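Heads up: the protein sequence lines correspond to chains B and L, in order.
If you read the first sequence in this note's numbering, its first letter stands for residue 1, the second for the next number, and so on.
If you read the second sequence in this note's numbering, its first letter stands for residue 1001, the second for the next number, and so on.
The hints are simulated quantities; they were obtained by calculation from the structure and are not laboratory data.
These numbers come from a predicted model, not from an experiment.
Each residue gets a CB set at the ideal place from its N, CA and C atoms; glycine is no exception.
One or more of the hints may lead you astray.
Unchecked claim - Taking lysine-lysine and the DSSO-like style, the derived pairs with C-alpha atoms no more than 27 Å apart in a straight line are:
| hint | chain 1 | residue 1 | chain 2 | residue 2 |
| --- | --- | --- | --- | --- |
| 1 | L | Lys1224 | B | Lys13 |
| 2 | L | Lys1224 | B | Lys520 |
| 3 | L | Lys1125 | B | Lys520 |
| 4 | B | Lys213 | B | Lys145 |
| 5 | B | Lys167 | B | Lys180 |
| 6 | B | Lys168 | B | Lys180 |
| 7 | L | Lys1125 | B | Lys13 |
| 8 | B | Lys145 | B | Lys243 |
| 9 | B | Lys61 | B | Lys243 |
| 10 | B | Lys61 | B | Lys339 |
| 11 | B | Lys168 | B | Lys132 |
| 12 | B | Lys61 | B | Lys290 |
Claimed, not checked - Residues of chain L clear of chain B, computed beta-carbon distances all greater than 12 Å:
| hint | residue |
| --- | --- |
| 13 | Asn1010 |
| 14 | Ser1065 |
| 15 | Asp1210 |
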Amino acid sequence: MYKLFLTLRYLRKRRIAVFAVISVWLCVAMVIIVGSVMGGFLDTLKERSRGLLSDIVIDNKTLQGFPYYQDFIERLHETMPDIVETATPVIYNYGILRVESSSFTKPVRIVGIRLDEYRAVNDFGNSLFYDKYYRGTTTLGEQYKPFIGFDELDTPILPLDHEAALKKYSLAHPDDEQLKEWKRLPNRRFPGPGTFDVNFDGEPGYFGNERDKAPGVIVGCNIINERIPETGAYDRVYRRGDKMILTILPLTLSGKVGIEGATTVVTRLADDSRTRVFEIDDVCCYVDFKRLQDWLLMSPQLLEDGGKTPARASQLLISLKPGVDIVEGRKRIGTEWEKFRDLLSDRVSRFDYRLMQMVDVQTWEEMQIQFIAAVEKERILVTALFGVISLVAVVLIGCIFWMIVVQKTRDIGIIKSIGASAQGVAMIFVSFGIAVGVLGAILGAVSGAVFVWYINDIQNWLVSLDKDLRVWSPDVYSFDSIPNVVKLDEVLVICAIAIVASGIGALIPAIIAGRVWPVKALRYE
Amino acid sequence: MSKVLLRANNVQKRYQMGKATLEVLHGVSVSINAGEFLAIRGASGSGKSTLMHILGALDIPDAGSVVYDGVDLFSLSNRERERIRCLQIGFIFQFYHLLPELTVLENVLLPRMVAEGVLSWPSLKGKAREKAYEIVDLVGLKNRASHRPTELSGGERQRAAIARALVNSPRLLLADEPTGNLDRRTGKGILDLLAGLNDQGQTIVMVTHDAQSASYAHRCVSLKDGQITKDLDTD
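Using the sequences plus the hints, can you model the full thing?
Structure follows, in structure tokens:
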């Protein structure tokens, strides 16, 4: 009983132990903060990667792509309806974007998608701005520009389909604070979501002649919008339906630029996409799959012998049915692809067969493995580094306990003279160390968790003092806010390590205390 | 005839002081009967404190044996010896040796806590506190029970140390210069207290260099250069 009693009493009375508690506290808080931010960064990265790809990705990593993708999709639906939910082809290539009304140009990655299917295989739909408020109005097909008009009181009104969609959204989201702020008033510009052109004659709608019709493009939100640093919101400079000029370079099968050279196409801004991954939002433009296929000459092309080349796609994205093991799914689809390819081996050109041979069937995680593994290693490295730094706390505890043992030598003699064993005396100091660890771990866990939860508010407060104090730049770190999720299991592990480390820190002084010869201790001055 | 409670047989002890060997005890033999009040007298450096430490199993002799209640203390394991020291022997030191972080009552309770495990303590705590209060009252510190040692006078501290030594009802009380750090009047009070305890049957071995203190004992053993030179009844 005396061990517990003296441990608690020393914890209360030995003020020097406060320094040990503080060192454990700071170390635990530091490791929790670093681990949570880095872990959150990794989790967000994984979540976004998965959200922007799909469960399984089939890709041959060439700009020429691979043929017979549609046949394979149909084969998948036929042969494995138990695991395949949806599959969609994607084309990616590179080009230049220019807004018609300006000389602004930017190199972009052009992604050809079947919008409805693409939305079904991943979270892309949730990244669309206009589609959120005006559901159903975003399309990649031919379209006119929408105009705002005015009612009899000169209050701005949207085209009918936009008004209906916005009304539907506001009914479904009565708690949306922004909607309450967007109060429309007479003789004022439209305050609601998005930027629209104005028909000063009064009627809202879609206007223009056949020449004004152009296919839609969804543009990554960092490409055309300006971010307001204070709020993190985007200022939509360009209006919905503004003309965006895309310049692309179609390649021949042999990988050379086609004889017609670059192709310039006019598109209309249908929406902007904010996936919250900077590398995507800063470069990607999405157009209709079939159109891009045509523009890039990846659609069937007439051959000199009268035959046709097969249509090609860069990627196939496949989502699996709920509950299907993703690795198992990848294996089955991979085997199916090999069977499919071998079946076609004597019917396709040698070049097409080679393109098909280069195809990899991967899970989303395997596809991103290099990037994810790098961040994962970084996280382990940084956490380990801070863990090593935390060893300082163990040494500090050792030093402090050594001092306490020296100071308490006579007390140790007294305790031994009344019958306490060497192990019992050692246990007092080990328990004292563990108690220091428990107290430091609790304080560190609470303060670390609170810091992580409010880390973005803390940064915002620092930025309000001085803009140079911004430590997390969304441009650099891909995400617009610092990850602020604290994982209970990780906190418990960190606390357990801190408690054990504190016990270890106190161990050597405790053993020394246990070995103190009582007669010598009682004579100790 | 009273039963022998403790007997030292030909106890020898030497210390290594650098390269020199210091012979402290040269074959000391002494018996202490149950209920006896024995004084061990000697000048400073005569080996009396070393002898007391060996009698109380705090120190180990280089040769010889100490038999307590028929059991050779140094043939026992450390744990068994610690158990005897906890339950059978009470120590009183010249410099009191109270734990400064604890109150008088807590200091007195500490040997009881050492004797009990963490599981049995909750059920015994009430009784143990009650007994500790009784002993604190017995030594005249009832009103000082919640005071810390630094808030007490020298005499009060020694009374607290006596109370601590008595809490486990030991059969043997070993006192090392219990009045050595006190003024004559306060020292007399402590000696009266010890004499009173002895009257109630408590066996006491007191180490002292002071003849007046030794006169409280029934028997006085004189130690010189690590050897017993006199063994006299003082009654």
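Distal placement of Asn1010 of chain L relative to chain B, Cβ over 12 Å: For Asn1010 of chain L, whose nearest Cβ neighbour in chain B is about 20 Å away, the distance exceeds 12 Å, so it holds.
Restraint check for Lys167 of chain B with Lys180 of chain B, where alpha carbons must lie at most 27 Å apart: Within the cut-off at roughly 13 Å; holds.
27 Å Cα cutoff - pair Lys145 of chain B, Lys243 of chain B: With a Cα-Cα distance of about 9 Å, the restraint between Lys145 of chain B and Lys243 of chain B holds, given a limit of 27 Å.
Agreement of Lys1125 of chain L and Lys520 of chain B with the hint, judged by alpha carbon distance not exceeding 27 Å: Violated. Lys1125 of chain L to Lys520 of chain B sits at ~32 Å, over the 27 Å cutoff.
Satisfaction of hint between Lys13 of chain B and Lys1125 of chain L, Cα-Cα up to 27 Å: holds, 23 Å
Given pair status - Lys145 of chain B, Lys213 of chain B, alpha carbons within 27 Å: Cα-Cα ~8 Å, so holds.
Whether Ser1065 of chain L stays farther than 12 Å from all C-beta atoms of chain B, as the label says: holds, 18 Å
27 Å Cα cutoff - pair Lys168 of chain B, Lys132 of chain B: Judged against 27 Å, a Cα distance of about 11 Å means the pair holds.
27 Å limit on alpha-carbon distance, applied to hinted pair Lys1224 of chain L and Lys13 of chain B: violated, 44 Å
Restraint status (C-alpha distance of Lys168 of chain B to Lys180 of chain B at most 27 Å): holds, 15 Å
Lys1224 of chain L paired with Lys520 of chain B [C-alpha distance capped at 27 Å]: holds, 22 Å
Hinted pair Lys61 of chain B and Lys243 of chain B, Cα distance within 27 Å: Violated, at about 31 Å.
The structure shown violates the earlier hints numbered 1, 3 and 9.
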